[in-house]
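K.L.:
Chains as they are written, first to last, in full-length UniProt numbering: chain A, 1 to 69; chain B, 1 to 215.
In short, the hints are calculated from the structure, not lab data. It is possible that part of the hints are untrue.
[As the list claims (entries may be wrong)] Taking CB as the label site, the calculated pair distances span: (1) B:Q104 / A:N3: 32 to 40 Å; (2) A:G22 / B:P101: 41 to 49 Å; (3) A:T35 / B:G212: 15 to 23 Å; (4) B:G212 / A:G21: 37 to 45 Å.
[Claimed, not checked] Pairs of lysine to aspartate or glutamate, EDC-like flavour, derived with a Cα cap of 20 Å: (5) A:K5 / B:E112; (6) A:K5 / B:D116; (7) B:K207 / B:D128; (8) A:K5 / B:D136; (9) B:K79 / B:E32; (10) B:K79 / B:E142; (11) B:K207 / B:D136; (12) A:K5 / B:E32; (13) B:K79 / B:D56; (14) B:K79 / B:D116; (15) B:K79 / B:D114; (16) B:K79 / B:E60; (17) A:K5 / A:E23; (18) B:K77 / B:E39; (19) A:K5 / A:D16; (20) A:K5 / B:E39; (21) B:K207 / B:E138; (22) B:K207 / B:D56; (23) A:K5 / B:E60; (24) B:K207 / B:D133; (25) A:K5 / B:D205.
C-beta: ideal position from N, C-alpha, C; glycine also.
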Amino acid sequence: MMNCKQAVRLMSDEMDRDLPGGERFALRLHTLICTGCRNYRQQLSFLRQACQQQVAANDATPPSAPPAA
Amino acid sequence: MPLKRAESTEQTPSPSSRSRSLPPAAATIAAELAGFQREMLRFAVLQLRDQASAEDAVQEAMLAALQGADRFGERAKLKTWVFAILKNKIVDIIRRRVREPSYQEPAEEIDEGDFDPLFRANGHWQGDSRPADWGDPEKSFENQRFWAVFDTCLNRLPAGTARVFMMREMLGLETDEICEELSMSSNHCWVVLHRARMGLRVCLDQKWFTSGERA
Ligand SMILES: [Zn+2]
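Using the sequences provided together with the hints, build the complete structure.
P.N.:
Structure below.
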């Protein structure tokens with residue numbers, strides 16, 4: 001069974017490369033049962049969104065609301 | 001024949017190919033451009049961690065924008081366009097730095113062991129390190145204080161780690177481009193990105209979401 005330490009590494013990797021089927025499956029199983037890692041994954045995509053907003057952050061027009069997940 | 005209008009797809013005007021005099025359209029965008037200067041500088045300093053090269057990058061981007069003013073149409077917001085130029089200038093500067101004979105790899109990277117305290121011996125989250133729900137984090141985008149905390153957290157990342165992370169997330173390079181520019185293996189690149197995200201997440205959690213200003 002995958003542990004959280006392994007899961008966080010794969011959750012980061014999946015933002016940069018396609019995970020092979022086996023890793024993807026193990027990660028999915030893990031996040032089904034682990035709230036901490038589910039939160040972690042959402043926070044990673046929040047980080048990406050924040051970086052992309054950097055440019056727009058102080059724009060005269062407020063950034064449009066992100067699409068609901 | 002439905003010929004596309006002669007709209008240029010290139011982002012950065014090349015000053016060498018034409019005279020250095022500015023096109024008439026430059027006058028119409030100059031004032032608006034000047035308004036972005038401070039924000040551009042902040043962005044460049046964050047990426048380059050050096051005031052002087054950041055100022056160079058901003059000046060070069062401003063000049064390139066003015067020189068290419070006649071090619072700037074309605075196709076993009078001026079700000080988006082000038083930031084795209086700035087990003088290219090920043091990547092150029094990083095590229096130049098890396099190729100200098102005197103270049104030395106920033107040794108500072110987050111250490112593998114730095115995150116060990118977050119996990120128990122079996123690799124599962126320690127109780128108080130388990131990521132909690134951040135609620136509706138996008139709301140923070142509208143808060144100027146959040147962006148100050150965000151900058152602080154980025155600046156806390158070690159230089160080597162931050163550079164890879166920002167090339168990926170802010171300058172928008174793919175990992176294989178980053179690996180090539182910095183002569184890193186793909187695996188090393190992924191490891192560094194992972195540690196950067198880990199570090200940034202912990203910092204934002206402590207300084208903003210869970211026990212920081214927003215909490
Ligand atoms: Zn977990």
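K.L.:
Compare the structure with each hint and give your call.
P.N.:
To see whether the hints hold, each was checked on the structure:
{"no.": "1", "hint": "B:Q104 / A:N3: 32 to 40 Å", "result": "37 Å, holds"}
{"no.": "2", "hint": "A:G22 / B:P101: 41 to 49 Å", "result": "45 Å, holds"}
{"no.": "3", "hint": "A:T35 / B:G212: 15 to 23 Å", "result": "21 Å, holds"}
{"no.": "4", "hint": "B:G212 / A:G21: 37 to 45 Å", "result": "39 Å, holds"}
{"no.": "5", "hint": "A:K5 / B:E112", "result": "11 Å, holds"}
{"no.": "6", "hint": "A:K5 / B:D116", "result": "9 Å, holds"}
{"no.": "7", "hint": "B:K207 / B:D128", "result": "16 Å, holds"}
{"no.": "8", "hint": "A:K5 / B:D136", "result": "25 Å, violated"}
{"no.": "9", "hint": "B:K79 / B:E32", "result": "9 Å, holds"}
{"no.": "10", "hint": "B:K79 / B:E142", "result": "18 Å, holds"}
{"no.": "11", "hint": "B:K207 / B:D136", "result": "16 Å, holds"}
{"no.": "12", "hint": "A:K5 / B:E32", "result": "48 Å, violated"}
{"no.": "13", "hint": "B:K79 / B:D56", "result": "18 Å, holds"}
{"no.": "14", "hint": "B:K79 / B:D116", "result": "42 Å, violated"}
{"no.": "15", "hint": "B:K79 / B:D114", "result": "39 Å, violated"}
{"no.": "16", "hint": "B:K79 / B:E60", "result": "15 Å, holds"}
{"no.": "17", "hint": "A:K5 / A:E23", "result": "14 Å, holds"}
{"no.": "18", "hint": "B:K77 / B:E39", "result": "16 Å, holds"}
{"no.": "19", "hint": "A:K5 / A:D16", "result": "18 Å, holds"}
{"no.": "20", "hint": "A:K5 / B:E39", "result": "37 Å, violated"}
{"no.": "21", "hint": "B:K207 / B:E138", "result": "16 Å, holds"}
{"no.": "22", "hint": "B:K207 / B:D56", "result": "32 Å, violated"}
{"no.": "23", "hint": "A:K5 / B:E60", "result": "44 Å, violated"}
{"no.": "24", "hint": "B:K207 / B:D133", "result": "15 Å, holds"}
{"no.": "25", "hint": "A:K5 / B:D205", "result": "18 Å, holds"}
Hints 8, 12, 14, 15, 20, 22, 23 from the list above are not met by this structure, while the remaining hints are.
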